[in-house]
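Let the sequences and hints guide you as you build the complete structure.
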Amino acid sequence: MEAKSEIFSQRLIVAVLWNIGLQTLLAILLISIIQVDLIHPISWITAAFSEIFGWKMGLNIVLLGLVSFFQAYIYGNYFMIPLPKYFTRFSIFLNIFSLQNVTFSILYALSGYFTMSLYSSLAKNNFNTLKKKCDYYDGQCLIEQSLFLQFGGMWIGLYYFLNSHVFRPTIPLFSHVYQDKLQQIKLAISNILSTGFKNSAMPVAYYCIFYILWGNKPRAVVSDVYSLYLEDPPLDNILNLCRSGIWIGLWFYTSLFFVSVYTMKTVFNIVLTEPMKFPIESDISLTLHNALAQKSQFNGYLAAQDLRIMSMSDSARRLQIFTLSLPGGHPRNWSNLLEKCLDIIKDFTKEIEYLNGDGKPVDIDTTGQRNFMSFSPKSTLYTNNLRNMAQSPQLLELKDHNKNMVDNTFATTVKEECSTMLHKLCQKPGINYFFGELTDTKLKYLLTQSQPVMWTCEGLAFVVAASLREDKYGVVQNDLPKIMTNLINLKQNLDKLTKPGLIPRKHVLSDAIAIKLRNALISTVKRCIYKIVLTFSKYIHEIPLDPDIQIAIQPFLLCKEA
Amino acid sequence: MSTFHGFPELPGPNDTAFCKINEVYCCGNARYGNITTFTNSTKSHPVINVSRDVHHHRTTDENISMYIEVEDNLLKKITSVLYKQGILEALSVAADPNVNKDNPIIALTASYVLKVANIFTAFRYFLQPHLKDIGPKIVSNYSRARNWGNAPVKCMAWHPHTTKIAVATSDDNVRIYCSEVAFVSTLKCKAQGHVSSLSWRPFSASEIAVGCEQGILIWTVDPNSMFTKPSSSNAVLLKRSGHSPVTDVSWSPNGDLLISCCGADTSMLIWDVAMETAVPLRRVAGGGIVFARWSFDASKVFAATSSIIFRIWDTKCWKPERWCAQGCRVVTACWGPKDLLLFAAKGEPMVYALTNTGLMSGTQTSKAVPVLDVTKVELPSGDLVGGPILDMCWDPTGKYLALMFEESHLIAVFCTTHLMLQLKITPCCFVCGIENEIPTTMAFQQNFNDGACLTIAWTSGRVQHFPIVYADKF
Chain H
1 MEAKSEIFSQ RLIVAVLWNI GLQTLLAILL ISIIQVDLIH PISWITAAFS
51 EIFGWKMGLN IVLLGLVSFF QAYIYGNYFM IPLPKYFTRF SIFLNIFSLQ
101 NVTFSILYAL SGYFTMSLYS SLAKNNFNTL KKKCDYYDGQ CLIEQSLFLQ
151 FGGMWIGLYY FLNSHVFRPT IPLFSHVYQD KLQQIKLAIS NILSTGFKNS
201 AMPVAYYCIF YILWGNKPRA VVSDVYSLYL EDPPLDNILN LCRSGIWIGL
251 WFYTSLFFVS VYTMKTVFNI VLTEPMKFPI ESDISLTLHN ALAQKSQFNG
301 YLAAQDLRIM SMSDSARRLQ IFTLSLPGGH PRNWSNLLEK CLDIIKDFTK
351 EIEYLNGDGK PVDIDTTGQR NFMSFSPKST LYTNNLRNMA QSPQLLELKD
401 HNKNMVDNTF ATTVKEECST MLHKLCQKPG INYFFGELTD TKLKYLLTQS
451 QPVMWTCEGL AFVVAASLRE DKYGVVQNDL PKIMTNLINL KQNLDKLTKP
501 GLIPRKHVLS DAIAIKLRNA LISTVKRCIY KIVLTFSKYI HEIPLDPDIQ
551 IAIQPFLLCK EA
Chain V
1 MSTFHGFPEL PGPNDTAFCK INEVYCCGNA RYGNITTFTN STKSHPVINV
51 SRDVHHHRTT DENISMYIEV EDNLLKKITS VLYKQGILEA LSVAADPNVN
101 KDNPIIALTA SYVLKVANIF TAFRYFLQPH LKDIGPKIVS NYSRARNWGN
151 APVKCMAWHP HTTKIAVATS DDNVRIYCSE VAFVSTLKCK AQGHVSSLSW
201 RPFSASEIAV GCEQGILIWT VDPNSMFTKP SSSNAVLLKR SGHSPVTDVS
251 WSPNGDLLIS CCGADTSMLI WDVAMETAVP LRRVAGGGIV FARWSFDASK
301 VFAATSSIIF RIWDTKCWKP ERWCAQGCRV VTACWGPKDL LLFAAKGEPM
351 VYALTNTGLM SGTQTSKAVP VLDVTKVELP SGDLVGGPIL DMCWDPTGKY
401 LALMFEESHL IAVFCTTHLM LQLKITPCCF VCGIENEIPT TMAFQQNFND
451 GACLTIAWTS GRVQHFPIVY ADKF
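Residue numbers (UniProt numbering), protein chains in the order written: chain H, 1 to 562; chain V, 1 to 474.
These aren't lab readings, by the way, just hints derived from the structure by calculation. Any given hint could be a false lead.
[Unchecked claim] Derived EDC-like pairs: lysine to aspartate or glutamate, alpha-carbon spacing no greater than 20 angstroms straight-line:
1) Lys76(V) to Asp102(V)
2) Lys181(H) to Glu321(V)
3) Lys338(V) to Glu470(H)
4) Lys76(V) to Glu89(V)
5) Lys181(H) to Asp314(V)
6) Lys319(V) to Glu274(H)
7) Lys265(H) to Glu281(H)
8) Lys496(H) to Asp347(H)
9) Lys316(V) to Asp548(H)
10) Lys229(V) to Asp171(V)
11) Lys346(V) to Glu406(V)
12) Lys295(H) to Asp343(H)
13) Lys499(H) to Asp222(V)
14) Lys516(H) to Glu406(V)
15) Lys472(H) to Glu542(H)
16) Lys496(H) to Glu542(H)
17) Lys295(H) to Asp548(H)
18) Lys338(V) to Asp314(H)
19) Lys316(V) to Glu274(H)
20) Lys538(H) to Glu470(H)
21) Lys319(V) to Asp347(H)
22) Lys496(H) to Asp222(V)
23) Lys538(H) to Asp15(V)
24) Lys560(H) to Asp102(V)
25) Lys516(H) to Glu23(V)
26) Lys482(H) to Asp548(H)
27) Lys346(V) to Asp373(V)
28) Lys472(H) to Asp495(H)
29) Lys424(V) to Asp96(V)
30) Lys560(H) to Asp222(V)
Listed below in structure tokens is the structure:
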């Protein structure tokens, strides 16, 4: 939270303002609907206006503002954390009771309470206070309906929090088509209304059951504290509850609460995911490659998205990439960008490779080193008359030998024994259930972060493809082999994920979204390779590629890669 | 002077046109002639004749009469109609005194319920008149294929990068013909009914989108696979309530987004296919979106509605520019190089061009100008050509424009040159069928290197490749 970017916080503020505006609109609508009086339209309108400009509404707007600021804070905390990095049931269970979650659930319960009382006060019923003057006795009596509603509000807040943040963590959803904000809200409204009213049915039912079973306890406590009597029929009886009709009220207010939080969520999503234009070179503001470097953070997402949009539709900025720096004539813009893009792709490839190897550590430079070993002695080393001892092939072998030497000490043996023991212990049925690694969590965790990787690949591929026509100095073509190698590596590692026999069973995906993400990723990477290969198909043999890579791109050249 | 004045003469009664090579119009005997005597450019092209392949009957309603009628009991009849066609049809069956003879009470109730329902539907149609037609009727109304319901070939699509063509036949199967392999893959599954459009995904060898009544089917056909009938597990059905029947699908030239249109839906859906999510694009007025076309660089999308309104969407911020056609809805449109758009309205023998004149005048205004008048004329041979335009295709290089007419069995091909922001259209040649063949639908091959290759599906089920070869050295 501390290191949240400036852009993110600015957007959060904008989102809060939008949210307050929309929520106020909702409240105004509610007031005018509640006070509807078709026979006396003028009195209806005046009553509605006096209500809207009354002190109550002002107070409510302040309250709404507070609630939505608080929601923004929560949203800010949860938005960019795609999925908690817990891989066993036990750790997931422990995580539910983290301090943050407990605080948030209390805050959400309060927010539910406030929203509920807010709407019920707008609706002008007497369910706002707990006390009333008794009709038959002398003294104060309890209005159980308002108790029911207030507890209901807390429960709904809690329910929503648990449901949408704890048990079903959301991943940031960047829409593939970004329309006008107002247009998006217009399109979303009907959906928000219908899902709000639909989704509120279940929690209300749960709450009613709960209240029927244990409702007498909170009631007893409250009436004891305030020393109140109960003169109306108690609500923890199924008939009385049905007859009082308060459950309809609760359902209505719950729906309003849901509509309000969904509106909030939609507004936040719309404002936060708006594409942003990063400059290619600038001294003051954040440039594209610097933003790309902040990989899994919010800026990284925006930058990757911007890279994709820029590569497809912004020729002016593309030209800026292809220019050379003025003193010196280096393709600085391009190499900065390329470095960051390749970093993202390489890191992701490494992670996938790690999973494919089932946790065995991957030698980072395997491909690079192998290529160096197999190539450098033949082609580049002795072309000149000068012989470089530092690059002699024998030396390379020596280095390699040094690196792979394993020191067989006592400590490592003990360590290994311990780990195998632990591993065996984890295999036991009961323990395995709680402490064993869940099947697809790791891959799922990786895949939920794959969105910027897809955008980066696409952006890179389209910049490269555009370079054939737009790049006057041939800045990009120099790095073509590097890009191809990285894309093909990624593709080959991803291919392994779909081959049933090749991956360990614990990385077989069962989650629908993860499967979709995997397919999206594979399809995107293939499309990128196709884009580059087909664009350069006439010149493909002039690009100095590794034999492995050349073989790998053959199906793409022939349009035979599925 | 008519536009058709400079065209070469039609071939004789027993002859047919095979190709055009360097300004020479090559005709030969329809029965014994062979295109390979003129050019080898289409030698490896797949030979397609659909009529030989279609063995089984369609499952549409038209051929129900072919079967012997079996007398079912009333309940069974009603339930089967309810299951297949919906509640309104079931009610009308129950209310029909010819079918329901024994049970007058049910008939009476059904007829009253039907009357109430009719009031509601009448009110609904009053509000949304474009919903009046249902299902295949909408597709057949808006399809650019002639006689879509009965034509042997409903639509065709060439792959953007290889010599591979997908052909949707009258039995609603999609056949994939490829230049290298002899066998034909047939895509078929239960959800694939009333196929209206096909579109290959750019930068992919395997994915094809099929627009059909239920929604969009995305088939992934492995080009290396030897299966002639890929299982339906290779298809993903994308659908949304209210978005049926799909009348057009088209992939963005970048291969990332898919647009689907439905003549009965006022919004056009933009799909992220892998994630199976769609964003609706909707604006007031215009009725259902019939078809959409991407410009070459994917910066603009043309969307035609079922009324005179059409829109040009800017894909950067997804905002539309609204246009009105003069008389009737836009029936066909195609983008050319440099964001030039040609379109034709229904029932009108005129091609309009939408050009951006901003460069000339300094302002960002664009206007539609009539560029080609194809009023119907009688040729010296007695054939009629011209009249209202049914379909129009522009080859990917923007050099040849093919027109298909509602009331003529000839296809007219024009040469188009785009010089100094001026579009010049000159006659090229006619393509005619053998004997009484009438063209159903047509498409230009996307990767033809020797010029342009127009592929035409005829009513006989024959699919002809008509290459227009030119060498630059001439």
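Sort out which numbered hints this structure fails and list those numbers smallest first. 7, 9, 14, 16, 17, 21, 23, 24, 25, 28 and 29
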